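Undergrad: Chain by chain, the residues:
Protein chains: 2
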Amino acid sequence: MKATTITAISTAPGIGGIAVIRVSGIDALKHSNAIFVAKKKSFSLLEQKAYTVSFGSVVDKQNEIIDDVLVTVFRSPHSFTGEDVVEISCHGSLFVQQKILQLLIEQGCVLAQPGEFTQRAFLNGKMDLSQAEAVADLIASTSASSHRMAMTQMRGGFSTELMKLRTQLLNFVSFIELELDFNEEDVEFVDRSKLKALATDIEQLIARLSDSFQVGNALKNGIPVALVGETNVGKSTLLNLLLNEDKAIVSEIHGTTRDVIEDLVNIKGITFRFIDTAGIRDTKDKIESLGIERTYQKIEQASIILWIVDCTQLSEHMEWLTERIAKRAEGKKVILVFNKIDKIAEDEREVLDLLFQQFSGERIYISAKDNINTEGLQIALVLAAQLPEINPGDVVVNNIRHYEALQNALTAIRRVIEGIDNGITGDFLSQDIRECMHFLGEITGSISNDEILGNIFGKFCIGK
Amino acid sequence: MKATTITAISTAPGIGGIAVIRVSGIDALKHSNAIFVAKKKSFSLLEQKAYTVSFGSVVDKQNEIIDDVLVTVFRSPHSFTGEDVVEISCHGSLFVQQKILQLLIEQGCVLAQPGEFTQRAFLNGKMDLSQAEAVADLIASTSASSHRMAMTQMRGGFSTELMKLRTQLLNFVSFIELELDFNEEDVEFVDRSKLKALATDIEQLIARLSDSFQVGNALKNGIPVALVGETNVGKSTLLNLLLNEDKAIVSEIHGTTRDVIEDLVNIKGITFRFIDTAGIRDTKDKIESLGIERTYQKIEQASIILWIVDCTQLSEHMEWLTERIAKRAEGKKVILVFNKIDKIAEDEREVLDLLFQQFSGERIYISAKDNINTEGLQIALVLAAQLPEINPGDVVVNNIRHYEALQNALTAIRRVIEGIDNGITGDFLSQDIRECMHFLGEITGSISNDEILGNIFGKFCIGK
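Order-wise, the sequence lines are chains A and B.
Counting with numbering that gives the first Met the number 0, you get residues 0 to 463 for the letters of the first sequence.
Counting with numbering that gives the first Met the number 0, you get residues 0 to 463 for the letters of the second sequence.
By construction, these hints were calculated from the structure, which means they are not laboratory data.
Hints may be right or wrong, so weigh each one.
Because identical chains share one entry, a pair is satisfied inside a single copy or across any pair of copies.
[Claimed, not checked] List of simulated lysine-lysine pairs, DSS-like, C-alpha gap at most 30 angstroms: (1) K195 to K60; (2) K39 to K125; (3) K48 to K125; (4) K60 to K48; (5) K29 to K326; (6) K163 to K342; (7) K38 to K48; (8) K60 to K326; (9) K332 to K163; (10) K125 to K38.
Note that this is a predicted model, so its numbers are computed, not measured.
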């Protein structure tokens with residue numbers, strides 16, 4: 000338990016009907032009681048039962064009433080942080096919120112760091128590290144799928160899988176280390192082929208979790224789609240069209256700003272993250288410039304490429320470009336989007352198709368300006384995304400820190416399997432297994448350090 | 000009691016650590032219970048005691064968990080609205096907030112209109128109309144004084160004063176109407192001179208309340224200060240300087256935006272509202288243009304005029320302007336601000352003073368660009384404001400609706416006094432007294448109509 004008592008405004012910043020100020024720590028009740036006056040004269044928050052709400056006023060040192068409030072008492076260990084917690088529900092005035100915070104600080108509370116409440120919940124054993132991280136993901140979730148992943152993880156779905164793995168590995172390493180104790184006698188307690196079967200099972204489990212990152216990351220951060228094309232082919236018009244399609248969804252959610260969901264668009268339930276690229280200039284001698292290099296880099300970051308071509312402005316080096324982009328986009332879905340299709344005659348389409356005959360991927364004919372076949376493009380995007388559906392309870396890795404730890408664990412367990420094949424000694428096997436366990440432990444936080452914790456909780460909002 | 004059960008997100012819009020969704024009405028417990036699952040199997044919110052908090056999950060119809068939440072139960076009449084109320088405290092994710100709201104609506108809740116919770120509190124007799132209005136003022140309060148006024152009013156300070164007045168008037172009118180019953184006998188139960196003394200007392204009380212509006216309005220909305228001057232005299236620089244001085248205060252308060260406190264500046268605890276005006280052009284023939292007319296209008300809206308003069312650019316018609324502006328600014332405080340004072344020599348100052356010898360008000364010499372004597376200007380502003388200090392509990396009128404009602408009541412009570420002086424008959428006196436009572440009743444809402452209520456509560460935020 001920490002010695003300090005922390006406080007922060009836990010509701011969204013700004014003016015609202017009500018706001019909630021949270022206090023957590025050994026003196027949470029004492030400090031809150033010092034600024035709280037109930038109607039009953041002999042009232043004390045310190046005597047209130049856990050999970051009860053009291054009505055009264057917050058007063059300052061001159062006994063001036065700051066606000067009429069509701070105060071909820073939680074008692075250690077049955078609270079979010081595991082400590083004594085008080086939640087003060089006041090009117091959502093900026094002045095009132097700040098004033099109450101100030102009064103609590105005058106009493107001896109310390110302003111909470113971002114994520115400090117959740118960090119204390121972790122330190123007090125209320126949740127493991129992957130669950131704590133899921134709290135932040137849950138708060139940031141804006142779509143059904145990102146919410147579902149966070150919820151599963153917060154409720155321990157991921158931790159359960161990892162616990163199973165660690166138990167299996169622990170059994171494994173125990174036998175091997177037992178052998179080491181009897182080293183001079185050269186015994187083998189465990190059949191190496193059985194060990195290998197077990198290691199292979201574990202390897203597959205880790206690989207499955209690790210593989211789920213691609214989906215998890217796409218669901219959490221959006222599937223990266225690069226918009227590529229020459230200048231003035233209508234990329235911006237198309238992007239705006241796709242973003243506008245989303246306006247109905249966005250406006251349903253209060254307070255979402257472009258900062259939060261910048262260039263993210265929900266199309267039929269899937270989040271896409273559109274990466275705009277500098278238009279490629281239609282000049283042969285400049286084609287190898289920095290601009291196109293950067294566009295190539297963005298292509299590499301994307302999973303899907305929307306290559307937009309202006310049907311009315313076909314440049315001479317189109318074929319050459321096709322080849323180059325196709326090469327960079329290897330393993331990615333490329334959708335060739337013919338824009339301004341309403342501006343050309345039927346027979347010109349044949350010329351188009353001839354020009355792009357080398358291109359084997361999907362082709363869509365649209366007009367971004369006149370909103371022709373946007374629906375077709377959206378369907379093509381959803382098909383290209385090829386995301387498996389996530390069901391409630393499915394464990395999906397969506398955190399790069401977890402992914403890296405799993406990758407390291409995978410390397411270690413593969414060394415174990417290789418070691419068994421090569422008949423290496425138990426002490427080396429044991430070392431690799433311990434390493435694998437170490438990396439899995441990093442995910443749940445059973446192995447952690449201040450730097451890792453600082454990184455994780457620093458990204459939280461204040462008040463959580 | 001209304002038949003519908005309403006719900007809304009009551010905390011500030013946006014992402015936060017936690018958010019609170021409020022449900023009020025006869026089915027608040029039933030609808031909340033339908034989406035809530037506690038750990039205990041036989042748990043039901045309907046059986047929970049008032050003022051208790053339960054931990055559990057919100058689930059959708061497919062039993063998928065949406066969030067882990069805390070649910071607080073309040074029971075009629077001991078709640079904010081006077082109805083059964085449930086507050087669901089969830090994680091502050093946009094998705095989660097919207098989803099829970101949606102689930103409640105699917106159960107049969109109706110999305111609350113702005114201020115509808117407070118309106119129900121009023122309709123259910125939990126507070127009178129002036130107290131309900133104070134709730135909105137309290138939420139909007141950003142300074143100690145505006146907060147103090149709202150708090151006093153919300154806790155019934157204003158209502159108590161009005162109640163006293165109405166009781167006195169009721170006694171008054173009862174005697175007179177008693178006389179009317181005995182009309183034919185031509186009795187006078189009450190000495191007319193005593194009646195007049197009472198009416199004069201009441202008149203003074205109403206006048207005092209009504210007079211406090213000037214202070215109350217200034218404290219609530221800021222004291223209007225017009226910045227007047229020719230173009231390029233440094234008005235913008237000065238305004239920015241004054242606004243920047245305030246940055247420290249503004250940034251202490253999360254989420255305040257220019258939308259909310261546009262051009263409001265707290266200087267030494269007093270809120271000033273700066274009204275920028277179009278610069279007056281230094282051309283004789285254009286001086287009577289629309290621009291200066293508009294500037295004149297703005298001068299009339301202001302209590303304080305900052306007339307800014309560029310010491311290095313004295314135009315020929317300065318004297319003429321001084322006269323004109325002084326005429327428009329009659330009864331207002333005018334502060335003559337000599338800007339760019341560091342750019343002129345000592346002897347040039349004498350020329351300045353000579354040029355403005357007709358001007359009898361305060362003069363301040365500053366440099367907005369080099370931040371010379373800004374402090375002096377601030378002190379001059381505070382002195383010009385001449386605001387009496389508001390103490391906790393002081394009743395101050397800060398609402399234009401109340402002010403208008405008080406003005407009407409004042410007219411009526413003055414007619415009563417005049418009537419006594421002129422010896423008019425009891426039935427006319429009674430009519431005027433009833434009218435005075437009517438206007439006082441409009442303030443507390445004992446007399447109200449849907450239009451008035453719609454106007455008042457429509458300005459609230461949703462969720463309160």
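Undergrad: Each hint needs a verdict: does it hold in this structure or not?
TA: Okay, the hints, checked on the actual structure:
{"no.": "1", "hint": "K195 to K60", "result": "neither (70 angstroms within a copy, 45 angstroms between copies)"}
{"no.": "2", "hint": "K39 to K125", "result": "between (35 angstroms within a copy, 19 angstroms between copies)"}
{"no.": "3", "hint": "K48 to K125", "result": "both (21 angstroms within a copy, 27 angstroms between copies)"}
{"no.": "4", "hint": "K60 to K48", "result": "within (26 angstroms within a copy, 34 angstroms between copies)"}
{"no.": "5", "hint": "K29 to K326", "result": "neither (67 angstroms within a copy, 61 angstroms between copies)"}
{"no.": "6", "hint": "K163 to K342", "result": "neither (61 angstroms within a copy, 79 angstroms between copies)"}
{"no.": "7", "hint": "K38 to K48", "result": "both (17 angstroms within a copy, 20 angstroms between copies)"}
{"no.": "8", "hint": "K60 to K326", "result": "neither (72 angstroms within a copy, 48 angstroms between copies)"}
{"no.": "9", "hint": "K332 to K163", "result": "neither (37 angstroms within a copy, 78 angstroms between copies)"}
{"no.": "10", "hint": "K125 to K38", "result": "between (35 angstroms within a copy, 16 angstroms between copies)"}
Of the numbered hints listed earlier, those contradicted by the structure are 1, 5, 6, 8, 9.
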